[in-house]
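**Q** In case you want the letters, here they are:
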Amino acid sequence: NAGVTQTPKFQVLKTGQSMTLQCAQDMNHNSMYWYRQDPGMGLRLIYYSASEGTTDKGEVPNGYNVSRLNKREFSLRLESAAPSQTSVYFCASSGLAVNTDTQYFGPGTRLTVL
Amino acid sequence: GQQVMQIPQYQHVQEGEDFTTYCNSSTTLSNIQWYKQRPGGHPVFLIQLVKSGEVKKQKRLTFQFGEAKKNSSLHITATQTTDVGTYFCAEDNQAGTALIFGKGTTLSVSS
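Residue numbers (the numbering used here), protein chains in the order written: chain P, 1 to 114; chain B, 1 to 111.
Incorrect hints may have been included.
[What the hints assert, rightly or not] DSS-like, lysine-lysine: derived pairs with alpha carbons at most 30 angstroms apart:
1) P:Lys71 to B:Lys36
2) P:Lys57 to B:Lys56
3) B:Lys36 to P:Lys9
4) B:Lys70 to P:Lys57
Derived by calculation from the structure, the hints in this document are not laboratory data.
Could you build all of it, start to finish, from the sequences and the hints given here?
**A** If you want it as structure tokens, here you go:
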């Protein structure tokens, strides 16, 4: 039981490049989330998916798109990376959307945009 | 918008001293969760508090939920080097579909 997995672990991009961060969970959870973590800013929600087939914006969605490919997988895409998107990205999942069940986090992707 | 205020932002203690972090919300909460993130790691769930005035203990960690359900605290008794990390509180968003995290309190412990 791997829990929540994320790929890649590290990535360096040049400004304007695009990339997709992958996330998968094997806990049969309904809800999945993408956060970014910057020093002194805590965890900020980018997008979430309360169930397969639905996605919603979080606090900081600009510059990102997401796809809930199936129940297991939730990807985050940067179409044209900017230095302001340098951050650590965490994917998380939870069993239920309502009443926000415990969230389980992946190990993170450390992204640098030059 | 909805905010979760967490203080202090940083705390350094000597091993064996106590530590407390506080979380205050602008709204009345249905519940609050606490997470711990070790340096270089990812957040890990610690506990959820639901009832007004609730107090829960996990070994040296004591969690409290305020009577008005607008604040919460985490107290660590006799800190150890293994307690190092950032502690986050998190509350439901207004729709109840996601969590809003505080900015965290980073604890460092010197032996």
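**Q** All hints are to be evaluated individually against the structure, with a verdict given for each.
**A** Checked hints:
| no. | hint | in the structure |
| --- | --- | --- |
| 1 | P:Lys71 to B:Lys36 | holds, 27 angstroms |
| 2 | P:Lys57 to B:Lys56 | violated, 33 angstroms |
| 3 | B:Lys36 to P:Lys9 | holds, 20 angstroms |
| 4 | B:Lys70 to P:Lys57 | holds, 25 angstroms |
Violated hint: 2 only; the structure is consistent with all others.
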